[in-house]
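> Residue numbers (my numbering), protein chains in the order written: chain A, 1 to 367; chain B, 368 to 512.
No wet-lab data here; the hints were simulated from the structure. Some clues are possibly wrong.
Derived DEER-like restraints, expressed as beta-carbon distance ranges [stated by the list, open to error]:
{"no.": "1", "chain 1": "B", "residue 1": "Gly393", "chain 2": "A", "residue 2": "Thr50", "range": "50 to 56 Å"}
{"no.": "2", "chain 1": "B", "residue 1": "Pro495", "chain 2": "A", "residue 2": "Arg337", "range": "48 to 54 Å"}
{"no.": "3", "chain 1": "B", "residue 1": "Pro495", "chain 2": "A", "residue 2": "Gln108", "range": "19 to 25 Å"}
{"no.": "4", "chain 1": "B", "residue 1": "Gly427", "chain 2": "A", "residue 2": "Arg168", "range": "17 to 23 Å"}
Computed from a predicted model, the values in this text were never measured in an experiment. Glycine included, C-beta positions come from ideal geometry on N, C-alpha and C.
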Amino acid sequence: MVEARVAQLTGVHAVSALGRGAEAQLAGVLAGVPAFGPVGRFDTAARRVTVAATVSEVGTLPDELAAAIDAACRAAGLDRAQRAGCALLLAVHGGPAVGPTPAVLAGQLATRCGLSGHTRVYTSACVSASTAVADAAARITRGDVERVVVAAGYLVEPDQFALFDAGRALAVDGAVRPFSAGRRGLLLGDGVAAVVLESSTGRRRGVDPVATVAGWGRAGDAFHPCQPEPGGTGLARAVDGALRRAGLPPQSVGYVNANATGTAQSDTAEAAALRRALGGHASRVPVSSTKSVHGHALEASGLLELVVTALALRHGELPVNAGWLGPDDSCPLNVVRNRPQRTTATHALTLNAAFGGANTALLVGVG
Amino acid sequence: MPGFVHSDFAPVVVAVAERCLRRAYGSAGVPAGMRTGIVLVSASGDLASAQHVRATVEAGGRIGPLFFFQSVPNSAAGHIAARWNLRGPVVCLSPTGDPYTDGVGEADLLRDDGDADEVLLILIEQAPDKPTEAVAVLLGGGARP
Numbered sequence: 001m002v003e004a005r006v007a008q009l010t011g012v013h014a015v016s017a018l019g020r021g022a023e024a025q026l027a028g029v030l031a032g033v034p035a036f037g038p039v040g041r042f043d044t045a046a047r048r049v050t051v052a053a054t055v056s057e058v059g060t061l062p063d064e065l066a067a068a069i070d071a072a073c074r075a076a077g078l079d080r081a082q083r084a085g086c087a088l089l090l091a092v093h094g095g096p097a098v099g100p101t102p103a104v105l106a107g108q109l110a111t112r113c114g115l116s117g118h119t120r121v122y123t124s125a126c127v128s129a130s131t132a133v134a135d136a137a138a139r140i141t142r143g144d145v146e147r148v149v150v151a152a153g154y155l156v157e158p159d160q161f162a163l164f165d166a167g168r169a170l171a172v173d174g175a176v177r178p179f180s181a182g183r184r185g186l187l188l189g190d191g192v193a194a195v196v197l198e199s200s201t202g203r204r205r206g207v208d209p210v211a212t213v214a215g216w217g218r219a220g221d222a223f224h225p226c227q228p229e230p231g232g233t234g235l236a237r238a239v240d241g242a243l244r245r246a247g248l249p250p251q252s253v254g255y256v257n258a259n260a261t262g263t264a265q266s267d268t269a270e271a272a273a274l275r276r277a278l279g280g281h282a283s284r285v286p287v288s289s290t291k292s293v294h295g296h297a298l299e300a301s302g303l304l305e306l307v308v309t310a311l312a313l314r315h316g317e318l319p320v321n322a323g324w325l326g327p328d329d330s331c332p333l334n335v336v337r338n339r340p341q342r343t344t345a346t347h348a349l350t351l352n353a354a355f356g357g358a359n360t361a362l363l364v365g366v367g
Numbered sequence: 368m369p370g371f372v373h374s375d376f377a378p379v380v381v382a383v384a385e386r387c388l389r390r391a392y393g394s395a396g397v398p399a400g401m402r403t404g405i406v407l408v409s410a411s412g413d414l415a416s417a418q419h420v421r422a423t424v425e426a427g428g429r430i431g432p433l434f435f436f437q438s439v440p441n442s443a444a445g446h447i448a449a450r451w452n453l454r455g456p457v458v459c460l461s462p463t464g465d466p467y468t469d470g471v472g473e474a475d476l477l478r479d480d481g482d483a484d485e486v487l488l489i490l491i492e493q494a495p496d497k498p499t500e501a502v503a504v505l506l507g508g509g510a511r512p
């Protein structure tokens, strides 16, 4: 009998204001202490909001991405020869006015890190990285490739900060409060992450996979250039796709790392999407948004959140939803509050949504 | 185009997309049940807006809120999706090779993988000294030439 092809996470690495390395991310999301503080990297005097979750000593984005890719490949036990031929899917902002263009950056990273396979650059805003992971998993499971590196990065910089401030998207109270009453908006955060996705070749090398990307889904709202569809239909279809690919029912989902940015309409739409996709299970499954501690890493958010979701599930404790003030009737969910929640669950969803009504769902499995 | 300012990026994206969809489906629109994805390929995204934001921030000025809403290429794709009820995935790429090849590769993956029945592929570039150029192609699905 031929073994079904799966997409395993064999090496992960991430950097955020919670610290450097995968274990620092897990410790940070379980501690549940928000990492937001005054931005010292550029002048914010003209902005309504002046805080973000930034890494204190950070390199350039190309250097941080190269280091993350190297670290993820080392974690996966890949030597230089095994990296050759490996594809690189990169998620970054698409229109930087300074620095290398995304395509040049991808080429430089592939050369620096010894990845000589196909490269693709995703610039789909806040679903860039999660779309890249979905594509990587699809290509691995259908047998196109054995191994893909997905990397993503966003470091808080003055232009996007000014844009989010101008759009009144940032939380003026300096806290991210997903699904909570009194939530005021999002806060930005640094995020650089890289993962190695492989078929069963990792296990054949003796590598113990961190987790499996068991399912994925991508769907559009068809609603508005930048607002989510209030009923959550697009995100619900993405969750449906992830469950269908995994061959699992809604009740198998033991945790949801929600997209929830702490924005009034978006969190409400996501709660509706969970009810639509998971039915009655939506009010029981533990939910949190780790953006409440590491902030919104924009194009990199999907990969940073995949890493923390996989690590938390494997560890058996679910991250706290920080910033909680009280329940909001429009978000009737079982939000993880106060302290991490022990779990024996084997599957978790990590969700992302973006401008343009773009939605993704990744279903992670362990055990 | 309401909601979009300063740059011709979004208007040109929408113009070629609507011509393409009208040729395929006329006034009837996309058939019910069809999941049409959008793949938007652009090397630099909305360069004119990004440069305006960079200059304004550098000078210590304030940015108009509409620039936030058009700060990523997804916004233009979302505008088309809303008008034409395109419920498939929205994917924006910066090409690492030939833009059409990159875009078709992504479109084929979305269709083969099952999240899209057809894909509206849009290629657009803004150059400093030339008019903005864009092409839209509908790939797969029930569209007839």
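> Quick check on a hinted range of 48 to 54 Å for proline 495 of chain B and arginine 337 of chain A, using CB atoms only.
52 Å, holds
> The hint says 19 to 25 Å between proline 495 of chain B and glutamine 108 of chain A; measuring C-beta to C-beta, is that right?
Hint holds: Cβ distance 24 Å, inside 19 to 25 Å.
> Kindly confirm whether 50 to 56 Å is satisfied by the beta carbon distance between glycine 393 of chain B and threonine 50 of chain A.
Holds, at about 52 Å.
> Okay, glycine 427 of chain B versus arginine 168 of chain A on CB: inside 17 to 23 Å?
20 Å, holds
Hint violations for this structure: none, all hints satisfied.
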